[in-house]
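Asker: Protein chains in written order, with our numbering: chain A, 1 to 236; chain B, 237 to 658.
Please keep in mind that the hints were generated in silico from the structure rather than gathered at the bench.
Do not take every clue at face value.
Chain A side only, calculated, beta carbon under 8 Å to chain B, not exhaustive [unchecked claim]:
1) V18
2) Y21
3) L22
4) A23
5) F104
6) L110
7) R114
8) I117
9) R118
10) V173
11) R176
12) D177
13) I217
14) S222
15) D231
By construction, the Cβ of each residue, glycine as well, lies at the ideal position given by its N, Cα and C atoms.
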Amino acid sequence: MSHRLLMIEDDQNLAAMVGEYLAESGMKVTAFYAALPGLQALEKDGWDAVILDVMLPDIDGFEVCRRIRTHSDIPILMLTAKGEEMDKVVGLELGADDYLAKPFSPRELLARLRAIIRRHTPGGLNKQNKSLNFGRLEVDSQARQVRVGGVTKDLTGHQFDILEVMAQNPGRVLSRDRLMDLVRGEELEAFDRSIDVHISRIRAAIEDDPKKPCRIITVRGSGYVFASKQDGSSVE
Amino acid sequence: MKRLYLRIYFTFILILILFGVLASATWYLLPEDKGHKPFFDGFGTVLKQIIPKHGSSKEDLQQALEQLSMAFPGQLSLRSDNGELLAVVGRPLRPPHPKRKHSGWLRSKGRGPAWAINLSDGRWLMVKPEHNSSRHLGFLATIALLAGLLAIGVYPLAKSLTGRIERLKSQVNKLGAGELSTRVLIEGKDEVAALASSFNRAAQKIEKLVASHKSLLASVSHELRTPLTRIRMGIELLDNDERRDLCNRMSKDVLELDDLIGELLLASRLDTLDRLENSEEVDLLALLAEEAVVVGAEVEGESVLVWGDKRLLRRLIRNLMENARRYGGNSGIESSVNHVDNFARLRVSDHGEGIPQEEVEHIFKPYYKPIAAKDSNFGGVGLGLSLVKQIANHHGGDATYFKRENGGSTFEVTLALNVNRA
Numbered sequence: 001m002s003h004r005l006l007m008i009e010d011d012q013n014l015a016a017m018v019g020e021y022l023a024e025s026g027m028k029v030t031a032f033y034a035a036l037p038g039l040q041a042l043e044k045d046g047w048d049a050v051i052l053d054v055m056l057p058d059i060d061g062f063e064v065c066r067r068i069r070t071h072s073d074i075p076i077l078m079l080t081a082k083g084e085e086m087d088k089v090v091g092l093e094l095g096a097d098d099y100l101a102k103p104f105s106p107r108e109l110l111a112r113l114r115a116i117i118r119r120h121t122p123g124g125l126n127k128q129n130k131s132l133n134f135g136r137l138e139v140d141s142q143a144r145q146v147r148v149g150g151v152t153k154d155l156t157g158h159q160f161d162i163l164e165v166m167a168q169n170p171g172r173v174l175s176r177d178r179l180m181d182l183v184r185g186e187e188l189e190a191f192d193r194s195i196d197v198h199i200s201r202i203r204a205a206i207e208d209d210p211k212k213p214c215r216i217i218t219v220r221g222s223g224y225v226f227a228s229k230q231d232g233s234s235v236e
Numbered sequence: 237m238k239r240l241y242l243r244i245y246f247t248f249i250l251i252l253i254l255f256g257v258l259a260s261a262t263w264y265l266l267p268e269d270k271g272h273k274p275f276f277d278g279f280g281t282v283l284k285q286i287i288p289k290h291g292s293s294k295e296d297l298q299q300a301l302e303q304l305s306m307a308f309p310g311q312l313s314l315r316s317d318n319g320e321l322l323a324v325v326g327r328p329l330r331p332p333h334p335k336r337k338h339s340g341w342l343r344s345k346g347r348g349p350a351w352a353i354n355l356s357d358g359r360w361l362m363v364k365p366e367h368n369s370s371r372h373l374g375f376l377a378t379i380a381l382l383a384g385l386l387a388i389g390v391y392p393l394a395k396s397l398t399g400r401i402e403r404l405k406s407q408v409n410k411l412g413a414g415e416l417s418t419r420v421l422i423e424g425k426d427e428v429a430a431l432a433s434s435f436n437r438a439a440q441k442i443e444k445l446v447a448s449h450k451s452l453l454a455s456v457s458h459e460l461r462t463p464l465t466r467i468r469m470g471i472e473l474l475d476n477d478e479r480r481d482l483c484n485r486m487s488k489d490v491l492e493l494d495d496l497i498g499e500l501l502l503a504s505r506l507d508t509l510d511r512l513e514n515s516e517e518v519d520l521l522a523l524l525a526e527e528a529v530v531v532g533a534e535v536e537g538e539s540v541l542v543w544g545d546k547r548l549l550r551r552l553i554r555n556l557m558e559n560a561r562r563y564g565g566n567s568g569i570e571s572s573v574n575h576v577d578n579f580a581r582l583r584v585s586d587h588g589e590g591i592p593q594e595e596v597e598h599i600f601k602p603y604y605k606p607i608a609a610k611d612s613n614f615g616g617v618g619l620g621l622s623l624v625k626q627i628a629n630h631h632g633g634d635a636t637y638f639k640r641e642n643g644g645s646t647f648e649v650t651l652a653l654n655v656n657r658a
């Protein structure tokens with residue numbers, strides 16, 4: 001399926017490269033180098049998503065996002081340079097669906113774009129029930145599915161429950177007891193004995209290298225931490 | 237604190253008192269006004285006609301003096317040239333100094349204030365005009381009242397003089413506290429008004445400078461990172477199996493460069509930041525565990541929640557881990573988080589060679605690179621540890637270094653548990 005993307009980015013070379021890269025995955029990118037022509041083009045139908053840079057020659061990218069949201073719920077992915085106020089980008093205040101910090105990896109750009117387009121597709125996910133995203137990992141509570149880079153991974157119901165609870169508490173040390181309280185599985189006791197086994201199964205499914213887990217980290221003597229920052233190699 | 241208006245006020249009061257003292261002293265000490273002399277001498281000649289001659293009976297003299305006292309109410313004493321009292325009304329008055337020749341005021345204590353009139357035959361008549369003592373008190377009271385009124389009246393005057401300076405002071409304090417839009421109302425046209433308008437100009441410049449600094453940081457970040465993104469994208473588009481190694485190395489270089497830009501911008505931002513912009517509850521142990529995974533460090537301790545900027549704290553931990561990885565000699569990194577009193581204590585230790593004693597005091601300074609790192613390819617610009625300290629300071633804590641007994645280094649960071657709560 002081919003998607004049509006509208007990109008507003010003042011760096012023409014970057015826009016061209018993004019276009020070239022995404023074309024390989026069947027996405028057609030039309031680039032605009034300033035906000036106003038981009039907004040104008042957006043008035044026509046047929047776009048699947050918007051890639052929006054924050055720093056633009058005419059209008060601030062945050063403002064562009066706000067204007068788009070007044071009349072459209074098209075998925076928006078914002079490109080920011082770290083150091084900009086990214087907390088505002090996503091969420092209610094601006095209504096962008098996701099953001100990527102420059103310099104981003106093209107593969108991650110593709111994965112994020114796919115995720116926001118899929119969430120928006122009619123018959124796809126309910127917007128109120130957003131899935132949880134951590135880098136290339138996507139925990140989809142609605143469909144009870146977990147995807148890494150867009151590829152669905154197999155997990156049992158219990159394992160998904162554990163993963164979901166962890167993903168809802170990123171950056172917190174969760175003891176085994178606390179994990180059990182949060183999951184409240186029906187087969188609590190059986191679950192108790194095998195929690196470490198479940199964790200290793202989940203790791204096998206979602207970690208790039210299960211021997212060196214980066215998403216679910218063991219803190220000896222305390223429990224597990226679901227990393228709040230995944231697949232990002234540098235600090236914001 | 238000594239208040240300026242109080243000093244002005246007390247200076248004024250002091251001047252008032254000094255003036256009174258000096259004026260009285262002058263009256264006592266200055267030579268007599270010779271202009272009165274003819275008047276007194278003439279008066280003496282007249283009196284000589286009225287008062288019976290030298291050698292008359294005491295009764296006659298006494299009677300004459302009493303008559304005189306009807307015209308001049310007060311105390312009168314008539315003395316011969318050798319000071320003998322010839323007649324008296326009221327309390328006897330002491331004679332003038334034996335060497336004195338001319339009529340005039342008697343001012344010395346015990347004698348005056350009284351008139352001494354030379355009757356030009358060697359006799360002296362001393363006259364002390366009658367004082368109404370209650371009037372005297374009334375006069376003193378009036379003076380005191382006037383002084384009091386002056387003192388009260390001057391107080392608001394002194395206060396209004398310095399009031400504008402105090403208002404200026406409070407505005408300068410506001411500016412110092414970070415309210416850069418603070419301006420002062422310019423009152424009057426004097427030096428204080430000139431100071432106020434200089435302050436306003438300075439404040440405007442500072443506000444402009446800080447704003448341009450902020451926008452510069454944002455645009456520098458953007459301008460540098462957009463080409464980096466192109467490079468990264470180019471590398472991945474190039475990516476093929478033959479040169480996979482080279483591509484991976486180049487990707488790493490891009491990320492290192494990105495990290496460097498981040499450090500430089502952060503150092504510049506932290507310099508001007510006086511309080512944290514984004515604060516939330518952060519689980520330090522979890523954060524430590526996340527970053528420990530990257531360098532394969534051991535983690536132990538207890539879950540400690542601190543209030544702080546998660547991105548900055550992650551940067552702090554990452555820099556410590558990175559530092560230990562660089563200089564720790566590949567022999568394992570240990571890290572821990574604990575509660576200690578009102579602080580969270582975070583430690584990162586390695587088994588490297590440690591830092592030479594003479595370098596220890598420099599390691600937290602910005603752009604300082606250890607001698608050992610200068611000729612090797614350790615990378616970095618020497619901002620890592622200075623950022624650690626800056627971030628710790630912004631979280632009400634500090635960073636310290638100590639050598640381990642069995643070799644290696646320990647970096648300890650303390651973070652306040654209950655400050656910075658926005």
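Asker: Taking 8 Å as the limit, does the beta-carbon of F104(A) come near enough to a beta-carbon in chain B?
Answerer: Interface hint status for F104(A): holds (6 Å vs cutoff 8 Å).
Asker: Given V18(A) was flagged as interface, is its beta-carbon under 8 Å from a beta-carbon of chain B?
Answerer: Holds. Min distance 7 Å.
Asker: Please verify that hint: I217(A), Cβ, nearest Cβ of chain B, below 8 Å or not.
Answerer: With a minimum Cβ separation of about 5 Å from chain B (threshold 8 Å), the hint on I217(A) holds.
Asker: Under the criterion of a CB-CB separation shorter than 8 Å, is D231(A) in contact with chain B as hinted?
Answerer: violated, 12 Å
Asker: Does the closest beta carbon of chain B sit nearer than 8 Å to the beta carbon of D177(A)?
Answerer: Since chain B brings no Cβ nearer than about 13 Å to D177(A), farther than 8 Å, the hint is violated.
Asker: Return the status of the interface hint for R114(A): holds when the least beta-carbon distance to chain B is below 8 Å, violated otherwise.
Answerer: R114(A) check fails; min Cβ-Cβ to chain B is 17 Å, beyond 8 Å.
Asker: Tell me if L110(A) is really an interface residue toward chain B, meaning its C-beta lies closer than 8 Å to one of theirs.
Answerer: L110(A) check fails; min Cβ-Cβ to chain B is 10 Å, beyond 8 Å.
Asker: Does R118(A) pass the interface check with chain B, least Cβ-Cβ distance below 8 Å?
Answerer: violated, 23 Å
Asker: Are R176(A) and chain B close enough, Cβ to Cβ, to be under 8 Å, as the hint says?
Answerer: Violated: closest Cβ of chain B sits about 13 Å from R176(A), beyond 8 Å.
Asker: Given V173(A) as an interface hint, is the shortest Cβ-Cβ distance to chain B below 8 Å?
Answerer: holds, 5 Å
Asker: Hey, does the A23(A) contact hint survive, CB to chain B under 8 Å?
Answerer: violated, 11 Å
Asker: Y21(A) was flagged as interface toward chain B. Is the shortest Cβ-Cβ separation under 8 Å?
Answerer: Holds: closest Cβ of chain B sits about 6 Å from Y21(A), inside 8 Å.
Hints 3, 4, 6, 7, 8, 9, 11, 12 and 15, counting from the list given before, are not met by this structure.
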